[in-house]
Amino acid sequence: MPLQTDGMVVRNRRLRSCYFMLGIYCPPISDQIKAGQFVMLKVSDNPSLLLRRPFSVYKSYSLTHPHKRKRGHLFILYKKVGGGTERMTTLRKGQKVDLIGPLGNGFALPPLPSSANCVLIGGGVGIVSLYPLAEALEGTKLVVLIGGKTRNDILGVEDFRKLHSTILTATEDGSLGAQGTVVDLFVSKAKQFKKNEEYYIYACGPVPMLRALAGNVKSKKFICQVSLEARMGCGFGACWGCVVKTKQAKTPYQRVCQEGPVFRMEDIVWE
Amino acid sequence: MEECDLTVRIGKMTLKNPVVASSGTFGFGEEFEEFFDPSRLGAIITKGISLKPMAGNPPPRIFETVGGIINSIGLQNPGFQEFLRNKLPYCKGLKTHLIINFFGNTQTEYVELGRRFNDVAGISGLEMNISCPNVKRSGIVFGTDPQMAYRLVKAVRKSTTLTLIVKLSPNVTDIALMAKSVEEGGADAVSLVNTFRALAVNIHTKKPELGNIIGGLSGPAIKPVALRMVWEVGQAVSIPVIGMGGIMNAEDAIEFILVGASAVQIGTANLVNPKTGIEVIRGIKKYLIQNRIDRVEELIGTFG
Chain A
1 MPLQTDGMVV
11 RNRRLRSCYF
21 MLGIYCPPIS
31 DQIKAGQFVM
41 LKVSDNPSLL
51 LRRPFSVYKS
61 YSLTHPHKRK
71 RGHLFILYKK
81 VGGGTERMTT
91 LRKGQKVDLI
101 GPLGNGFALP
111 PLPSSANCVL
121 IGGGVGIVSL
131 YPLAEALEGT
141 KLVVLIGGKT
151 RNDILGVEDF
161 RKLHSTILTA
171 TEDGSLGAQG
181 TVVDLFVSKA
191 KQFKKNEEYY
201 IYACGPVPML
211 RALAGNVKSK
221 KFICQVSLEA
231 RMGCGFGACW
241 GCVVKTKQAK
251 TPYQRVCQEG
261 PVFRMEDIVW
271 E
Chain B
272 MEECDLTVRI
282 GKMTLKNPVV
292 ASSGTFGFGE
302 EFEEFFDPSR
312 LGAIITKGIS
322 LKPMAGNPPP
332 RIFETVGGII
342 NSIGLQNPGF
352 QEFLRNKLPY
362 CKGLKTHLII
372 NFFGNTQTEY
382 VELGRRFNDV
392 AGISGLEMNI
402 SCPNVKRSGI
412 VFGTDPQMAY
422 RLVKAVRKST
432 TLTLIVKLSP
442 NVTDIALMAK
452 SVEEGGADAV
462 SLVNTFRALA
472 VNIHTKKPEL
482 GNIIGGLSGP
492 AIKPVALRMV
502 WEVGQAVSIP
512 VIGMGGIMNA
522 EDAIEFILVG
532 ASAVQIGTAN
542 LVNPKTGIEV
552 IRGIKKYLIQ
562 NRIDRVEELI
572 GTFG
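If you're matching them up, the sequences are chains A and B in order.
Letter 21 of the first sequence, counting from 1, is numbered 21 in this note's numbering, and no numbers are missing.
Letter 129 of the second sequence, counting from 1, is numbered 400 in this note's numbering, and no numbers are missing.
In isolation and in its complexed conformation, chain B is listed as follows (with noise of 0.2 Å):
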């Protein structure tokens, strides 16, 4: 088989290729090893840790929609210590960047959980979660305010030397807006599109399907939406941008990157096919291959 470039840069990261794993449908990785070698991807991201483990929200947790399934897991993780006793050994050991996904209550613990792994061995990577619809007090708020957001990632910045991705809320007027406000803060790149907060209503019981009423939309359902935003935001920023919102399939996957990403993340598919991503990186070497494209990074932003 012919021979194509796929890495692509991301702050500090070369990654092998432009396939990122996204947190919260990853697990920590091992989940996934029984259905391949999680180190073939360009990265994985974990699931959101905390500083102080976290219950979680009530069930049901998950509803299916058409073309889409919304969510409220509500943050469930081990918190700091555990991740780093129980989960870390093994996802060090893959042969990828790792990247955590992280979040806070406040300022100080985002900037305190900067620090603490920023001291962390066998980490590439951290991504900020500014905007999880599902837990009450927390990103949601620096996620749609710019100026919190600006000021959130510049403490941030300062407490770690790591690639610090910002991942960005789509429950906003103007998501250009906030990722220029958390490139200015100093990210060096951001992710986007988190999901959208929705609401699923059973007409029997008339009850809310979730257990925590709101939940975050996603899946393919959410695709137009994601792009578009993912096109405006790669047009008014210079870092780059990591693209995601129902990505099933490679052809998908391309389309993120003709719009403005350098990478992009593979989130619910894994839940259906947990193959999708190493399918995604293949669909792409095609594609490059029958288009003549040496390198991936020819291809980022070429649309219109």
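The following block holds chain A by itself, in its conformation from the complex (with noise of 0.2 Å):
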């Protein structure tokens, strides 16, 4: 269940370029914060920056985990893209954050055998929700895709790594991996999946991407959730600003927050 409470600061460092890592100690959200949620973060306590931004959680750890020293921490990996994410590079060591959280259904998350067949597309800060899906997925047939315009924008690859899956990755001007967008390169890497296999694909990123993505993934044999990113007003469903248009007869306009931020693919109109 949702909560509003105030986190501390642990640190809140550039990865490279526009890209952050901001870290904060808040046990409450992260003992309990699922694969594909996310919190609220009042980024200034200046009413001219008014609207808490959402954010994905990259990495959290439980009051159980084994690490000692990370228990009670969350990561959020954020790009500076305005200016409440500029005042947000400014936040220090030692100051308190007002979050809320943990918000929205994370994926879903079935069971799967070590013979399944799991892909993950993101683009840009769009791994940033793949990442503990990724633990979640760890010990299936696992293979990650990461797209950005340039090398800098190729996020996570080292910690994806670490999950034991196989990473592959494409850059708009070819700097790294191949060239091309990541649903370009998901759509060759397709042609090698067998024909009478399932593929759960998971997809998280701008939403040109995520539909040019549903454009390849109409067949039978894949099994794809998308998470959206929307411009939100309040995070936890009551205001009704980040609908997305699906495909539910009586309600068409659903709250990304609320009924998502992650959705079945074929759900979903994309316009």
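Read the hints as simulated data drawn from the structure, not as lab findings.
None of the hints are false.
Subject to a maximum C-alpha distance of 27 Å in a straight line, what follows is the list of computed DSS-like cross-link-like pairs (lysine-lysine):
| hint | chain 1 | residue 1 | chain 2 | residue 2 |
| --- | --- | --- | --- | --- |
| 1 | B | Lys546 | A | Lys34 |
| 2 | A | Lys247 | B | Lys358 |
| 3 | A | Lys149 | B | Lys477 |
| 4 | A | Lys250 | B | Lys363 |
| 5 | A | Lys250 | B | Lys358 |
| 6 | A | Lys79 | B | Lys477 |
| 7 | A | Lys96 | B | Lys557 |
| 8 | B | Lys477 | A | Lys80 |
| 9 | A | Lys189 | A | Lys218 |
| 10 | B | Lys478 | A | Lys79 |
| 11 | A | Lys245 | B | Lys478 |
| 12 | A | Lys42 | B | Lys546 |
| 13 | B | Lys358 | A | Lys245 |
| 14 | A | Lys80 | B | Lys478 |
| 15 | B | Lys363 | B | Lys429 |
| 16 | B | Lys323 | A | Lys250 |
| 17 | B | Lys477 | A | Lys245 |
| 18 | A | Lys149 | B | Lys478 |
| 19 | B | Lys323 | A | Lys245 |
| 20 | B | Lys323 | A | Lys247 |
| 21 | B | Lys546 | A | Lys96 |
| 22 | A | Lys141 | A | Lys189 |
| 23 | A | Lys68 | A | Lys96 |
| 24 | A | Lys149 | A | Lys162 |
Using the hints, put the two chains back together into the complex; each one sits in its own frame.
What follows is the structure, encoded as structure tokens:
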């Protein structure tokens, strides 16, 4: 259940170019958050930056985690894109931050056998919500496709590697891995997929990427979940500001924060 | 802690405190129960209900501006029947006044809804939305023409004995005139202000930031204008005024009470800090004690 609570900044470091890692000590949230859920962070007390910002959680450590020093911590990998995230970069160790979480439905995770084919597809900071998912899927036949504009936008490779997954990268400028988008990479990889096997696809990234992917996973052998990004008002279902159009007849506009952020690919109307 | 009397009267309702959750920012109450008990508020006002379900506007529906947000939700709601079936049972169980915000496309629809809600148990009051900027053909016509507003309120008044609050649009030349018209029509109270019609432009795409192009601006950015309007209306009418517009804390709420509001609504702030209502109640109480005022009603309209 979501709660509003204070956390304490334990680190806030630039990873490279415009990407940062914010670590927060916040046991009430880190202890219960699941893969694909998110938090709403108040980035400033200044009312000119009024709304909270939604962030996926990259890593979180429960209070029973074997590494004692990591217990109660959660980490947000974020990209500096505007006034709010710029303010976030000024957060310092020891500062208090106001969080609401965990929010939304995470990925649906039926128990999968070790023979299951799992393909994670992340564009840019989209990999953030996929990392905890990869942890949950460790032990399956896990392939992670990571895409970005340039090599600077390819994030998380070292972390995913530790989970014994196969990692493939694509950059639009060709500076790392295959040249093209991560969806192009998926399409070429899918040619090697076995005809009579099912593939569990999990994707997160900007809408154009997911829309492009939607056109390429229509075969019945793909069981595809997508985690959506959206501008949000509250994050907890009150304002109906973050909706996405779905094929649900009665209520086509569903809330990304409440019914999502993870949806079945086939339920979304990609406009 | 010393005791002070926070009760205020709005029509037939006696609110245990003057802090009310505003329509469209509080869902149907249940979204907030993880954060605090909504029963502690003076009243809650539901999301706007129409006769038939409404799908709402295409996204994006929300955009942050300096000190405010522009929204174009478009009155998405499950409609009267579905509300009764799925949402009312929870709202009704709360130990506070339940006020239903409603709207129609025509006078007939407004009257029909007034009549239907009148027969539903567990409802204390109705807030008529004659002012949503986000839906074509809807309230805005009623909300900007004093004569039409008068006729509409008069007709709805006959359909219900519940406390009838009319929510006013700030997108008019003379809001005091609008308030007087709906008072003459038989409103028990007015609430103001709804959002200001607004636009946000993306210079990179050269497109609007909202799917509906136009939205409504709320938040601290509108507070000074809202205060002025509440003050003007308070002087013009003798029915209670419920003030709102960018209230983020108790100080803001007290400003509205001083200029003439009998109660205040918390809107946008609920989205940012879901516990705002509770903090405002606590802050008003503290202010009364510090200033040796026994009853919040003594504070209303004492500005100037």
